[in-house]
Amino acid sequence: MKSMWLKSILQHPWLILLLGVLFIGASGYGAKNLYFRGDYKVYFQPDNPQMLDFEQMQDEFSKNENASIIVAPPEGEIFNPQTLKLIYELTEAAWQTPYSTRVDSLANFQHTRAQGDDLIVEDLILAPDSLSARNIARIESVALQEPNLVGKIIDSDGLASMINITVHMPEEDKTAVVKEVADHVRALTDQYKAEYPEHKFYHTGIVFMNEAFAVEAQKDVETLVPFMFLAIILVLWYLLRSFTGTLATLLVIVTTIVATMGLTGWSGIFLSTATVNAPTLIMTLAVADCVHVISSMLFALRQGKDKAQALQYAMDINLMPIFITSATTAIGFLTMNFSNVPILADLGNVSALGVMLAFVFSVTLLPALLMILPMRVARQQQAKGQGIEAFGEWVIRHHRRLLPVTFVIAILAVAASFNNSVNDIATEYFDQSTAFRQSTDFQEKHLSGMSTVDFAIDAGAPSALNDPQVLQAVEDFSQWLRQQSEVDHVSTISDTFKRLNKNMHGDNQSYYRLPDSQELAAQYLLLYEMSLPYGLDLNNQVNLDKSATRVMATMKNLGSKEFTAFEQRAIDWMAKRAPELSVTAASPSLMFAHIGELNMNSMLKGTVLALVLISGLLVFALRSWRMGLISLLPNLLPAGIGFGIWGLMSGNINLGLSVVLSMALGIIVDDTVHFLSKYRYARGQGESPEQGVRYAFSSVGRALWVTTLVLVIGFSVLSLSSFSLNADMGLLTGIIILMALAVDFLFLPAFLMVFDKQHTSKEGAEG
Amino acid sequence: MSRMQSIRQVSGLIISLLLLALPVQAQSPEQKGLEIAKERKARDRGWGDSRAEASMILRTASGQQIERKMRMLSLEMQDDGDKGLTIFDQPADVKGTAFLNYSHAIEPDDQWMYLPALKRVKRISSRNKSGPFMGSEFAFEDLSSFEVEKYRYKYLRDDKINSLNSFVVEQTPAYEHSGYTKMIVWIDKEHYRAHKIEYYDRKGSLLKTLTMHDFELYLDKYWRPMKLSMVNNQNRKSTDLITHELQFRTGLDENDFNQSTLRRVR
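So the protein sequences, as listed, match chains A and B. Using the UniProt record's numbering, read the first sequence as starting at 1 and increasing by one per residue. Using the UniProt record's numbering, read the second sequence as starting at 1 and increasing by one per residue.
These are calculated hints, taken from the structure and not from any lab test. A couple of the hints might just be wrong.
As the list claims (entries may be wrong) - No more than 30 Å apart at the CA atoms, straight line, and that leaves these computed lysine-lysine pairs for DSS-like:
(1) Lys-200(A) with Lys-203(B)
(2) Lys-498(A) with Lys-95(B)
(3) Lys-174(A) with Lys-203(B)
(4) Lys-41(A) with Lys-182(B)
(5) Lys-63(A) with Lys-203(B)
(6) Lys-179(A) with Lys-182(B)
(7) Lys-196(B) with Lys-193(A)
(8) Lys-63(A) with Lys-221(B)
Between the sequences and the hints, there should be enough to build the whole structure, so can you do that?
Here it is in structure tokens:
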């Protein structure tokens, strides 16, 4: 069966190529269905409870997605004629932003004041061309005392100010819509940058965050994929020293990617920040398959075999190991379906598909190509294996010392892995080289974080919000929020009530307090509703039947642990203060905060399953329960050590890292499979453990070293992404793969030589 | 020579005839739009005053809705926008709150509000004509009376609406702080009633669509829609303004529309 298949490839390589081209054409055509989704909602399943809470809150109150421009003068405060004029003009111009419904800034802040029995509502900056020193002083004193502005629209030191554009974007084709809005706002600021060249401009807000996801993904595709190709060409050239081998491998890689992405398109999976890196992963893993085949073939050619014989030999010894390692890798990827993050599951599925296609192509297309392409090989380089064999001898000589040393190092590393905890800092997903991160850092320094937590406080009955007791609870809660160190700004309806009460009493400061009857509160609210300008309504803060209010807290850019702890603290506080009111918290920040933990729990299950399945496959591949059991050690230890190193480096486990364990597991077992199967083969021949280790080193040592090199390079390329979910995933997986080699070369041989001894005779007798 | 001259005379005659015919034959779209607006206003002149009982039904995009009840008193003014007095009846906690509005064509309106819980009349000084009326999808400027000088006009085309032949006219607000860049209005040719208005925001996108329903004839001359339906095309919220009862010439005069009477209305 196997030989028939091989024979047909070797005898009809053109036919195989033709079939391959047809298959690739048919599957690759599906790439037309691929589209990219850059909005942050791709991280959440449709039934994610935090997302449902958030959407419900947006239904009840209005949706508030925004694009913001932060303006900072070259030096000193914004309270100078030029900067104020800039803010005024930019505010006016920003109304032209597509999908905008409202623009808010210092310029059009609705300042209310009393004059006798008149309530005067006017824009804070009225005549930007004739600002007198007195006017500016008035603007400054109003702005810096206004709780709605300080810490949100204006820096408390007056050094920077924000123009906030509220947009109402359709959900369909959101990525294109986001880009349209972001491009418009950027073009707008560019125009003003030319007029006010010494001022600084920054862009933040949900729109720019969504855009950053898309831009970073695109940048990954544009920079990492070509970089990956370059790295692969160099590595292949270094390892194979064969033009044909390098070319054939590249062809297999390209066809694997085309077929995988095409089939992905047919399946309806869309591209996202996670899946755009599937090609990089697949390339890495496909290279390893090809390298095994080609180096075996080159080995045979050097020994004087002809091409067909050499290919036959290469297929014979590689088919099973490549299949097993591809299958374990695919299993590792497939268990990413346990993830609560749909795009990580997508990444797993696409990569699993790619890995299996790479396997198929490297045992069909690759031999066919190699058969057709001319190949010359110098008969030499017999000395190649010496380095690794010498290393093997060194390990055998020092195994009694190596075991305790590596054991202690491993224990220490695994202990350090307890430094890790699940913590997603969503704003730090983007590294400091990105414009978005620079903007959010500036925003955090001068105004506020860009994270929010919205609280809906529901009093249960229509108009119940106007009840003085309910209002007092809302006010107390808002004040409590303001005292929390995590909170930068609180926007609350109770401030509006207090300000109106003061305005209604001739701006007498002693009336800056809540109205004392339901009727008065309701009538203030009606008056306030009647005085609101275009684009603003109360619905942002109060629901339709006035039974509930939304208190919006702008937060420091925290990690997920701090967010969930804060949420719980706030809800507990309110449950104690006003048990009759129901409080829910929701926001994109909370969605990200919860998804990390949720996802980690389900990925742990996925990883356990991956471990069971992969170990089962190993038992089958090694045909020994005992070897399967022993394999657990070199399979798990590298991950333990890798996470230990991560614990010392960072300690924050983000979404991207939650899938590293199962992904890495599928990859690192390859080393174990190769090493243990060769060891077992020698032991089966009645050799001692020492001879077994020696045989394993000499037969697969170099191949393991080579594939590890390829994999580590591949994952290092991924770690260059400026999107930290991808970069961290690449870095940690690279570390674990390197550790796997270290474990297989240093710890495993020593372990086998010390602990596998007593079974020699028994195993030998059995075998 | 003489032949050339006669040709010139004839062509001169034709040109002057054409010039004479032009204003009748080829009226510019702007002029035609203005004439339609003038006729629309003329047909609605002389109704005097009115009292209405009305409900506003506010709906969110997700379909929640709430009803607010009010009485609306109106007084027709010559050479200025009309005066209006709105007395809120529901919800209960704003009952008796009254809102007085003197609308003006191209200046900010004058507005006062009486808060019974405070027992004070407050004048509201703002430029909020473009702002929402009571949290609804109607802006103040959508509800105030139609005045010719509020807009510049341009006749666009003929169309059918509700199976009536109608003009389609573009109106550009003259008020500096209007929330709109233009409105497209469908006016039937028979009675010059507006049936549908599209409102375009500052960036020129369609913001809202107003449709008028259930027209009834009062005093044999004045058509009034019993239901105004405003849909926000951007955020999908909507508001219906429903008139339950409407009476004309009820004897109201300017004395019923000043600050001191505000606090006496019930």
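How the hints compare with the structure:
no.: 1; hint: Lys-200(A) with Lys-203(B); verdict: holds, 26 Å
no.: 2; hint: Lys-498(A) with Lys-95(B); verdict: holds, 22 Å
no.: 3; hint: Lys-174(A) with Lys-203(B); verdict: holds, 20 Å
no.: 4; hint: Lys-41(A) with Lys-182(B); verdict: violated, 36 Å
no.: 5; hint: Lys-63(A) with Lys-203(B); verdict: holds, 20 Å
no.: 6; hint: Lys-179(A) with Lys-182(B); verdict: holds, 27 Å
no.: 7; hint: Lys-196(B) with Lys-193(A); verdict: violated, 43 Å
no.: 8; hint: Lys-63(A) with Lys-221(B); verdict: violated, 45 Å
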